[in-house]
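Based on the hints, put chain B in the right spot on chain A.
What follows is the residue order along each chain.
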Amino acid sequence: AQSVSQHNHHVILSEAASLELGCNYSYGGTVNLFWYVQYPGQHLQLLLKYFSGDPLVKGIKGFEAEFIKSKFSFNLRKPSVQWSDTAEYFCAVNALKNRDDKIIFGKGTRLHILP
Amino acid sequence: NAGVTQTPKFQVLKTGQSMTLQCAQDMNHNSMYWYRQDPGMGLRLIYYSASEGTTDKGEVPNGYNVSRLNKREFSLRLESAAPSQTSVYFCASSERGRSSGRALNEQFFGPGTRLTVL
Numbered sequence: 030a031q032s033v034s035q036h037n038h039h040v041i042l043s044e045a046a047s048l049e050l051g052c053n054y055s056y057g058g059t060v061n062l063f064w065y066v067q068y069p070g071q072h073l074q075l076l077l078k079y080f081s082g083d084p085l086v087k088g089i090k091g092f093e094a095e096f097i098k099s100k101f102s103f104n105l106r107k108p109s110v111q112w113s114d115t116a117e118y119f120c121a122v123n124a125l126k127n128r129d130d131k132i133i134f135g136k137g138t139r140l141h142i143l144p
Numbered sequence: 463n464a465g466v467t468q469t470p471k472f473q474v475l476k477t478g479q480s481m482t483l484q485c486a487q488d489m490n491h492n493s494m495y496w497y498r499q500d501p502g503m504g505l506r507l508i509y510y511s512a513s514e515g516t517t518d519k520g521e522v523p524n525g526y527n528v529s530r531l532n533k534r535e536f537s538l539r540l541e542s543a544a545p546s547q548t549s550v551y552f553c554a555s556s557e558r559g560r561s562s563g564r565a566l567n568e569q570f571f572g573p574g575t576r577l578t579v580l
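As they're listed, the protein sequences go chains A and B. With positions in the first sequence counted from 1, the corresponding number in the numbering used here is that position plus 29. With positions in the second sequence counted from 1, the corresponding number in the numbering used here is that position plus 462.
Looking at chain A on its own, in the form it has when it is part of the complex (with noise of 0.2 Å):
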């Protein structure tokens, strides 16, 4: 079965410092793979998604992620983070075999950033 891990369950910084959110995830073929970000009060949205060709994916609001197939990885960078960011963010990973549309979860990791 699938699953999707997110390595950190909280994670503070502090403005202008550098961000990076582990995701790994346990299935061996073809995936399509999305990072999604849910700000306080609000519902989950898109920030970015890979499903092929280049594994260096830019998102919104200056996020990226690379897929890194050989460790089954796709980990979220910011290269500066701002109070705005303060979210909680899920990686997510649909499996293509036999056009599966479910979209796994991971359980999130809360950002919290000290202006």
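Among the hints, a few may not be true.
Claimed, not checked - Straight line, CA to CA, 16 Å or less: simulated EDC-like cross-link-like pairs of lysine to aspartate or glutamate:
#	chain 1	residue 1	chain 2	residue 2
1	A	Lys136	B	Asp488
2	A	Lys131	B	Glu557
3	A	Lys136	B	Glu557
4	B	Lys533	B	Asp488
5	A	Lys90	A	Glu44
6	A	Lys87	A	Glu49
7	B	Lys476	B	Glu541
8	A	Lys98	A	Asp83
9	B	Lys533	B	Glu514
10	A	Lys90	A	Asp114
11	A	Lys90	A	Glu49
12	B	Lys533	B	Glu557
13	A	Lys131	B	Glu568
14	A	Lys78	B	Glu568
15	A	Lys78	B	Glu541
16	A	Lys131	B	Asp500
17	A	Lys131	A	Asp114
18	A	Lys131	B	Asp488
19	A	Lys100	A	Asp114
Stated by the list, open to error - Which chain B residues face chain A? A few, computed with CB under 7 Å, are given here:
#	residue
20	Asp500
21	Gly504
22	Leu505
23	Phe571
24	Pro573
25	Gly574
26	Thr578
None of these hints come from the bench; they were simulated from the model. Glycine included, each C-beta is placed from N, C-alpha and C at the ideal position.
Below, chain B alone, put in the same frame as chain A:
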């Protein structure tokens, strides 16, 4: 476009009461989903519907039923609510397009329903 809409936004039930959460999307998507979100648990899939007329169980289906009324609407029913069903419920939809032979599955989420069962 309104995207994905959910009603109600908030609901308080007593144990044993029933209710239906409504979800509608206006993006002509084939697939629709119901998730629950609990602290530290991420999003857990309750049920999903890959197309009109079909539904499948997700990770945590017990205590819930769903109806895919038409392509736009996907409702979630709690027949006999329990305190363990206190949660935030999100509906989502997605489209299975094709690009270079791969299916596209970006999901669009509704605003959520905060349910408390006493």
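Structure-based check of all given hints:
{"no.": "1", "hint": "Lys136/A with Asp488/B", "verdict": "violated, 29 Å"}
{"no.": "2", "hint": "Lys131/A with Glu557/B", "verdict": "holds, 12 Å"}
{"no.": "3", "hint": "Lys136/A with Glu557/B", "verdict": "violated, 24 Å"}
{"no.": "4", "hint": "Lys533/B with Asp488/B", "verdict": "holds, 9 Å"}
{"no.": "5", "hint": "Lys90/A with Glu44/A", "verdict": "holds, 15 Å"}
{"no.": "6", "hint": "Lys87/A with Glu49/A", "verdict": "holds, 14 Å"}
{"no.": "7", "hint": "Lys476/B with Glu541/B", "verdict": "holds, 12 Å"}
{"no.": "8", "hint": "Lys98/A with Asp83/A", "verdict": "holds, 12 Å"}
{"no.": "9", "hint": "Lys533/B with Glu514/B", "verdict": "holds, 5 Å"}
{"no.": "10", "hint": "Lys90/A with Asp114/A", "verdict": "holds, 9 Å"}
{"no.": "11", "hint": "Lys90/A with Glu49/A", "verdict": "holds, 15 Å"}
{"no.": "12", "hint": "Lys533/B with Glu557/B", "verdict": "holds, 12 Å"}
{"no.": "13", "hint": "Lys131/A with Glu568/B", "verdict": "holds, 11 Å"}
{"no.": "14", "hint": "Lys78/A with Glu568/B", "verdict": "holds, 8 Å"}
{"no.": "15", "hint": "Lys78/A with Glu541/B", "verdict": "violated, 37 Å"}
{"no.": "16", "hint": "Lys131/A with Asp500/B", "verdict": "violated, 19 Å"}
{"no.": "17", "hint": "Lys131/A with Asp114/A", "verdict": "violated, 28 Å"}
{"no.": "18", "hint": "Lys131/A with Asp488/B", "verdict": "violated, 20 Å"}
{"no.": "19", "hint": "Lys100/A with Asp114/A", "verdict": "violated, 27 Å"}
{"no.": "20", "hint": "Asp500", "verdict": "violated, 10 Å"}
{"no.": "21", "hint": "Gly504", "verdict": "holds, 4 Å"}
{"no.": "22", "hint": "Leu505", "verdict": "holds, 4 Å"}
{"no.": "23", "hint": "Phe571", "verdict": "holds, 4 Å"}
{"no.": "24", "hint": "Pro573", "verdict": "holds, 5 Å"}
{"no.": "25", "hint": "Gly574", "verdict": "holds, 5 Å"}
{"no.": "26", "hint": "Thr578", "verdict": "violated, 16 Å"}
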